[in-house]
Amino acid sequence: MNIITPLLQQFKDNRWFKQTGCIEGEYSKTITLNLPSTQLGQQIYFNSDTELDNAIIKTIEVVISTNSINTVYQNSVLDTISSTLATRAMLTISNNAREVISQMPLYTLIRSLNKGKPAYFCLDNVIWQNCYIELLNTSGFSTSNGFFIRVTYDRKDII
Amino acid sequence: MNNLIIKRSQIVEFKLAGTITTGKRYYATDIPNLSRLNVVVYGAELFTSSQLATTPTGNTVVSTSTGIVVTFRDNFKQEFMYQIPAFTLIRYNNAGLIVLLKPRIINLTDCYVTVTNTTSLNANESVAMNLYYDLIA
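Residue numbers (the working numbering), protein chains in the order written: chain S, 1 to 159; chain R, 1 to 137.
If you're looking for bench data, these hints aren't it; they were derived computationally from the structure. In this text, a Cβ means the ideal position worked out from N, Cα and C, and glycines have one as well. Treat the hints with care, as some may be off.
Chain S is nowhere near these chain R residues, computed Cβ spacing over 10 Å in every case [unchecked claim]: (1) ASN2; (2) THR19; (3) GLY23; (4) LEU52; (5) THR55; (6) ASP74; (7) ASP134.
Subject to a maximum C-alpha distance of 20 Å in a straight line, what follows is the list of computed DMTMM-like cross-link-like pairs (lysine to aspartate or glutamate) [unchecked claim]: (8) S:LYS18 to R:ASP110; (9) S:LYS156 to S:GLU134; (10) S:LYS117 to S:ASP79; (11) S:LYS29 to S:GLU99; (12) S:LYS12 to R:ASP110; (13) R:LYS24 to R:ASP110; (14) R:LYS102 to S:ASP13; (15) S:LYS156 to S:GLU51; (16) S:LYS12 to S:GLU24.
Only chain S is shown next, with the shape it has when bound in the complex (with noise of 0.2 Å):
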């Protein structure tokens, strides 16, 4: 135990993990990514959003098509990915200067397939325009695909 107390300390300190079940995030939001075209290495950026870009990103979820069949994007239903095709798209994310904070394989983010436990963040400097998901393998995307992610967040003004 004397070992492995500081251990945790500095896990906690540095907020390198916390308590599964716990709070995610005040604010929870829906982000639904449309295809444009499928073609191999297409990096498709996600709009603006201030407020995101003011805030501290807590969880980020995909949701599968077992999940949520539909998603909507501007006024067209789109067809939620399946867990095959998140095999084959990564999530990058980066800040102002375009510097990659994180790079996540799309699979790793679907809750429902980690038994429920969301995949924790803490990233208080992301600019979401310059954030994209990547397409690694087209194989079975079509235009009708919409990435259906869900974001918590905290207001960084509240912290």
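Given chain S, put chain R in place with the hints provided.
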């Protein structure tokens, strides 16, 4: 139960270049982001093709993890995590929990995977892994 918070992450690859041989070491390819001395790695997650079909560099990801073990070396060349079964590092296999490591500066290009069984592994596939890290003062 605690789970890891992602501050920063980076995909790293161990390319199984050439003929795959049991017992052979395959080293990680260099990533400048992780070569800095102000970086501590505190978590790791491994992917097979069930989680990630292709790496960002275009390499096919291995389809199985049961014939692979992973060794991490720090900046003193100490093998602080020696031959962890790759299966253990897959989040999906751990009820969604990410494996936490004692925070260390690692020497990425000294880290390697060892093949213990070549079944279902093909030449030039990659073992893909996400390393979770933070910047220290």
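Structure-based check of all given hints:
1. ASN2: 4 Å, violated
2. THR19: The claim stands: THR19 (chain R) keeps its Cβ more than 10 Å from every Cβ of chain S (closest is about 25 Å).
3. GLY23: 29 Å, holds
4. LEU52: 4 Å, violated
5. THR55: 7 Å, violated
6. ASP74: Per Cβ check, ASP74 (chain R) is outside 10 Å of chain S; nearest 15 Å; holds.
7. ASP134: The assertion about ASP134 (chain R) is violated, with a minimum of 6 Å to chain S.
8. S:LYS18 to R:ASP110: At roughly 30 Å apart (the allowed maximum being 20 Å), ASP110 (chain R) and LYS18 (chain S) break the hint.
9. S:LYS156 to S:GLU134: Violated, at about 28 Å.
10. S:LYS117 to S:ASP79: 24 Å, violated
11. S:LYS29 to S:GLU99: 24 Å, violated
12. S:LYS12 to R:ASP110: 29 Å, violated
13. R:LYS24 to R:ASP110: Holds - the C-alpha atoms of ASP110 (chain R) and LYS24 (chain R) are around 14 Å apart, at most 20 Å.
14. R:LYS102 to S:ASP13: Holds, because 14 Å separates the two Cα atoms, which is no more than 20 Å.
15. S:LYS156 to S:GLU51: Satisfied, since the Cα-Cα distance of roughly 10 Å is no more than 20 Å.
16. S:LYS12 to S:GLU24: 16 Å, holds
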